[in-house]
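S.K.: Chains as they are written, first to last, in our numbering: chain A, 10 to 490; chain B, 384 to 869; chain C, 897 to 991.
Note that these hints are calculated values from the structure, not bench results. Incorrect hints may appear among the rest.
As a list, the in silico DSSO-like pairs of lysine-lysine whose alpha-carbon atoms are at most 30 Å apart [unchecked claim]:
{"hint": "1", "chain 1": "C", "residue 1": "Lys939", "chain 2": "B", "residue 2": "Lys719"}
{"hint": "2", "chain 1": "C", "residue 1": "Lys939", "chain 2": "B", "residue 2": "Lys841"}
{"hint": "3", "chain 1": "A", "residue 1": "Lys88", "chain 2": "C", "residue 2": "Lys971"}
{"hint": "4", "chain 1": "A", "residue 1": "Lys355", "chain 2": "A", "residue 2": "Lys121"}
{"hint": "5", "chain 1": "C", "residue 1": "Lys939", "chain 2": "B", "residue 2": "Lys647"}
{"hint": "6", "chain 1": "C", "residue 1": "Lys988", "chain 2": "A", "residue 2": "Lys88"}
{"hint": "7", "chain 1": "A", "residue 1": "Lys88", "chain 2": "B", "residue 2": "Lys762"}
{"hint": "8", "chain 1": "B", "residue 1": "Lys719", "chain 2": "C", "residue 2": "Lys988"}
{"hint": "9", "chain 1": "A", "residue 1": "Lys44", "chain 2": "C", "residue 2": "Lys988"}
{"hint": "10", "chain 1": "B", "residue 1": "Lys777", "chain 2": "C", "residue 2": "Lys939"}
{"hint": "11", "chain 1": "C", "residue 1": "Lys985", "chain 2": "B", "residue 2": "Lys470"}
{"hint": "12", "chain 1": "A", "residue 1": "Lys44", "chain 2": "A", "residue 2": "Lys121"}
{"hint": "13", "chain 1": "B", "residue 1": "Lys422", "chain 2": "B", "residue 2": "Lys470"}
{"hint": "14", "chain 1": "C", "residue 1": "Lys985", "chain 2": "B", "residue 2": "Lys762"}
{"hint": "15", "chain 1": "A", "residue 1": "Lys219", "chain 2": "A", "residue 2": "Lys184"}
{"hint": "16", "chain 1": "A", "residue 1": "Lys44", "chain 2": "C", "residue 2": "Lys985"}
{"hint": "17", "chain 1": "C", "residue 1": "Lys901", "chain 2": "A", "residue 2": "Lys88"}
{"hint": "18", "chain 1": "A", "residue 1": "Lys355", "chain 2": "A", "residue 2": "Lys183"}
{"hint": "19", "chain 1": "C", "residue 1": "Lys939", "chain 2": "B", "residue 2": "Lys796"}
{"hint": "20", "chain 1": "C", "residue 1": "Lys922", "chain 2": "B", "residue 2": "Lys719"}
{"hint": "21", "chain 1": "C", "residue 1": "Lys985", "chain 2": "A", "residue 2": "Lys149"}
{"hint": "22", "chain 1": "C", "residue 1": "Lys906", "chain 2": "A", "residue 2": "Lys227"}
{"hint": "23", "chain 1": "B", "residue 1": "Lys647", "chain 2": "A", "residue 2": "Lys82"}
{"hint": "24", "chain 1": "B", "residue 1": "Lys642", "chain 2": "B", "residue 2": "Lys777"}
{"hint": "25", "chain 1": "B", "residue 1": "Lys647", "chain 2": "B", "residue 2": "Lys670"}
{"hint": "26", "chain 1": "C", "residue 1": "Lys939", "chain 2": "B", "residue 2": "Lys802"}
On a predicted model such as this, the values are computed, not experimentally measured, just so you know.
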Amino acid sequence: MSYEVVIGLEVHAQLLTRTKLFCSCSTEFGGEPNKNTCPVCLGQPGTLPVLNRQAVEFAIRAGLATGCSIETKSVFARKNYFYPDLPKGYQISQYELPVCLKGHLDIEVDGKAKRVGLTRIHMEEDAGKLVHEHPETRAKDASWVDFNRGGTPLLEIVSDPDMRSPQEAVAYLKKLRTILVYAGVTDGNMEEGSLRCDANVSLRPFGQEKFGTKVELKNMNSFKNVEKAILYEIDRQGAILDGTMEGKIVQETRLWDADKSETHSMRGKEEAHDYRYFPDPDLLPLVLDQAWIERVRKELPELPEAKRERFMTQHHLPAYDAEVLVSAKGLADFFETCVAAYPQPKKVANWVINEFLRMIGNDETKIPASPLKPAHLAEAMKLVDDGAISGSVMKTVLQKVFETGAPPKSVVEKEGLAQISDTGALEAAVDEVIAANPKEVEKYKGGNEKILGFFVGQVMKKTGGRANPGVLNDLVKKKLS
Amino acid sequence: MELFDLTIHELADLLKQKKASSREITESVFKRVKAVDSKVHAYLSLAEEKALAQAKNADENVGAIHESPLRGIPLGIKDNFLIEGTKTTASSKILENYVAPYTATAAQKLLDQGAVVVGKLNLDEFAMGSSNENSAFGGVKNPWDLERVPGGSSGGSAAAVAAGECIAATGTDTGGSIRLPAALTNLVGLKPTYGRVSRYGIVAFASSLDQVGPLTKDVTDAAIMLNALAGHDPKDSTSLNLPVPDYTKALQKDLKGWKIGIPKEYFIDGTDVEVAKALQTAIETVKKLGAECVDVTLPHTDYGVPTYYILATAEASSNLARYDGIRFGYRNREAKDLTSLYKKSRSEGFGAEVKRRIMLGTYVLSAGYYDAYYLRGQKVRTLIRRDFEKAFEKCDVILTPVSPTPAWKTGEKASDPLKMYLSDIFTINVNLAGLPGMSLPCGFTGSRLPIGMQLIAKHFEEEKMLRVAYAYEQANEWHKKRPKLA
Amino acid sequence: MKLSKDEVLKIANLARLELSAAEVEKYGDQLSAILDYVDTLNKLDVSSIEPTAHAMMVPTPYRADEVVPDATREKSLVNAPDREETFFKVPKVIG
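Chain A on its own, in the form it takes in the complex (with noise of 0.2 Å):
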């Protein structure tokens, strides 16, 4: 029997803040364990929370670019439950009254559009990171406890449970991450964390009304992964639904293994939850005023549609070469950097979709660390107009600016890869090439004059590229009249 499967995800954003949401401890990562901490985010006694202001406005930016109504009040509550990376035996997080509801987003799937529902926004803190391994020592025989990430803000963005095909759910994750990185507010990195999805999935028969019993996904930290892990869930419950695999469907936790490319089971290592929300009495509401909302919209960074629309209008882009640009808002800002130097804009997209896009292997995560830079796509572009280079050796250049970050014309010097112009430095390529091909002179001279680029072709071969092409066929035509 075929089913249909039923996904709804919940992501997790970290933002971009200097500080934590409920003290003033650095978010930056990596260096000494707990170096980053103060009593509040250790959970000392008497130690209380105080709501960061820019994480607030990061809410409002994140719930207004995904078209969520924003809550003038919420309230923090705690979520309480016992873990070592937990310092204060509770999570604050948002709960009957978030910061955010009801939004959505348009995703596109061969060629269908869809609007996917937003049930939520809140604002909640991090936990800290628990590891099994000492990293210097190895040991394995405890686990030690850093909360160096605890603390820092986060959002939970919750979808309604609308999507019905795995390639649904990661277009709608890429671009709710493209929106939220264009918004600013978080970087969006899946592999480091800053970006989590955890997936509901579950599946029923084609026509029926009610939900069948939802299992959650963790622990996927690629948008690959989230397609592989919800595939496999789909395929793991049909077969329970079929008999043709033993078991139940159970409402529980599935973590992804991304190496065995399976899901299983966290039953026993957590017992049924009972978090016991309540209001945090160290919090007040969170009351929001207009003005504050009007002014986050008004300064609200331009997203993706409106990218696009622009592009084609300001740019004179076809639709294609827009989308492109704007899927992600680095290539977007890359784009733009180099037409404000160089201001043909449609020569600029193609050097930038056909080229730099492969050599970050179209992985937009790679622009910020790329030594090619904007300014240099317009220089090498400029090169060619001067007539320093030929553009047949444009390709050559950018390749070796990218691997060692030089500027083009220095590229071009040290790798003598300028054009040639002059007919003195061509001559005795193009006597060579006309003196070992006579049955090609016979031809030409006999009408033929096609076969005219034939010669070109052998000369800018002799001298890689890097013949001026004006000049090198006056001189072949000059030599075999």
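We have chain A already, so just place chains B and C on it with the hints.
M.R.: Same frame as chain A, now just chains B and C:
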């Protein structure tokens, strides 16, 4: 009279006139502690060396040039206030060896004024109790009768001030923990408006109810202490950013034109006869001072105690989750896995009353019971708050008893938690409503046990409460009586 | 209402407390008595009443997003029942 018998303002005058030094006062207090604390057991730890250094500092007026009346005055600090580098136990085995990494804002404010810290005072474990019998390190005795309790949870604070073991003390009040012990030991105990004093650095019991305040020998001292303690703290989100008046300016002797509300629900059968009589006399006195006494009604009074035991225990169950043996505090060393580490450390570290309240609080928040208990409790809290709002439309200050009985014998209520909880019947609603309330001496029983009366004012109207208290106090001699500790 | 032994154990587990058989009995009785008393609140009709979480009705204040270095880490770490360098150490948690 010995130096330790005097009040803050009397000693401040002596210091100003250079008739005494802080060193002499501090030595007098420590001598007293050494003479009587083995009987009273008010202190959990003493800081003699540091205190003498602070006294020296005050005498030399090193550091800041301040004219604070607290300069050089030896104070006792309840042991749920963190002071950096000193043990802070909250009278719990689970914090027996905990050395505070930072200082509570309220304690820092006293230190900034040049006060001398004698030591840390005994309390009911985590401030949970009405008799100070719930201390993991032994109960406190009432200096007026060593066979009786001093009240709780600030029992060590009350006993120490009453016995002359410090000039004044800090306390915390969640359901009456300052006012009840003050009443049972002939002291002035003041619980400010919720949000008036920072809670940062106070070991939390119930966050929406806890408030810091002083226990002093008279009303003037209470105003002096409140001047130092009050004020906004950016580290406490629930501390309000409002200007702090000079509370000593409120101390006026006449009450002409003042309306004192007398709520009938607080004058009930079951109250000790001598207590009831003392309160009636007090009412006559304020009338003589020119005040008009008006009947007011607080119809939801009886629901205060059950509401409190839902809300306070719920908050406590969560506040005390951090005592898990991971980052600080007691850890059972035999536990091999995490769950047993938690369970054994907490079971062995917490005392019976604390565990009882954690259990109750966990229950009322648990799935299926939240609406029936916790949410209902919050709603009744609204009704209680509104009762006071209505009553204050008719009066400036409300006058009630503090405790239905004078100090009871040690052990008398210890086996019946419910009976113990009812000791707070007259004080608890003030916390639920977040109002300022204070206890002040208003007489003695035939067997020389102190009786207290309570004044309650509107939010942030401590001045009105202090004015009535001062006028009443000055018309009597109760506050000058000291226990005869052999 | 009398709390069953199972209920007492369930609460104790949620609160991470270990109770002896005698304590289960004792706490069961005492909590039941307290809850009976608390049930007097059921006499009130609170259906139209807003709950009060705080006695004061002001919004929560904010903090500026500025790093304030803290020098108390070691003072916190000395209180750890077990530590290794600047880590807190706990019995092996199954990862």
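S.K.: Compare the structure with each hint and give your call.
M.R.: Taking the hints in turn, this is what the structure says about them:
1. Between Lys939(C) and Lys719(B) the CA atoms are separated by roughly 48 Å; this puts the pair beyond 30 Å, and the hint is violated.
2. The hinted pair formed by Lys939(C) and Lys841(B) meets the criterion: a straight-line CA distance of about 28 Å does not exceed 30 Å.
3. The hinted pair formed by Lys88(A) and Lys971(C) meets the criterion: a straight-line CA distance of about 28 Å does not exceed 30 Å.
4. For the proposed pair Lys355(A) and Lys121(A), the alpha carbon gap of about 28 Å is at most 30 Å, so the pair holds.
5. Annotation: proposed proximity of Lys939(C) to Lys647(B) holds, straight-line Cα distance about 21 Å (limit 30 Å).
6. With a C-alpha separation of about 24 Å, the suggested pairing of Lys988(C) with Lys88(A) holds against the 30 Å cut-off.
7. Only pairs whose Cα atoms come within 30 Å are accepted, and Lys88(A) paired with Lys762(B) is accepted, the gap being roughly 21 Å.
8. The hinted pair formed by Lys719(B) and Lys988(C) meets the criterion: a straight-line CA distance of about 8 Å does not exceed 30 Å.
9. Restraint check for Lys44(A) and Lys988(C): satisfied, since their Cα atoms lie roughly 23 Å apart, inside the 30 Å limit.
10. Distance check on the hinted pair: Lys777(B) and Lys939(C) sit about 28 Å apart at the alpha-carbon level, within 30 Å; holds.
11. With a C-alpha separation of about 22 Å, the suggested pairing of Lys985(C) with Lys470(B) holds against the 30 Å cut-off.
12. Note on Lys44(A) and Lys121(A): the hinted pairing is violated, with a Cα-Cα distance of about 49 Å set against a maximum of 30 Å.
13. Proposed proximity of Lys422(B) and Lys470(B) is supported: the alpha carbons are some 22 Å apart, at most 30 Å.
14. Proposed proximity of Lys985(C) and Lys762(B) is contradicted: the alpha carbons are some 43 Å apart, above 30 Å.
15. At most 30 Å may separate the alpha-carbon atoms for a hinted pair to count; Lys219(A) and Lys184(A) meet this at roughly 28 Å.
16. Taking the CA atoms of Lys44(A) and Lys985(C), the gap is about 16 Å. The hint holds against a cut of 30 Å.
17. Annotation: proposed proximity of Lys901(C) to Lys88(A) holds, straight-line Cα distance about 26 Å (limit 30 Å).
18. With a C-alpha separation of about 26 Å, the suggested pairing of Lys355(A) with Lys183(A) holds against the 30 Å cut-off.
19. At roughly 27 Å between alpha-carbon atoms, Lys939(C) and Lys796(B) fall within 30 Å of each other, so this suggested pair holds.
20. Simply put, Lys922(C) and Lys719(B) have alpha-carbon atoms about 28 Å apart, close enough for the 30 Å limit, and the pair holds.
21. As the CA atoms of Lys985(C) and Lys149(A) are separated by approximately 12 Å, the hinted pair is consistent with the 30 Å bound.
22. Of the pairs offered as hints, the one joining Lys906(C) and Lys227(A) holds, with about 27 Å between alpha carbons and a cut-off of 30 Å not exceeded.
23. With a C-alpha separation of about 39 Å, the suggested pairing of Lys647(B) with Lys82(A) is violated against the 30 Å cut-off.
24. For a cut-off of 30 Å, the pair hint linking Lys642(B) to Lys777(B) stands: about 8 Å separates their Cα positions.
25. About 17 Å separates the Cα atoms of Lys647(B) and Lys670(B), which keeps this hinted pair within 30 Å; it holds.
26. Between the alpha carbons of Lys939(C) and Lys802(B) the distance comes to roughly 21 Å, so the proposed pair stays at or under 30 Å and holds.
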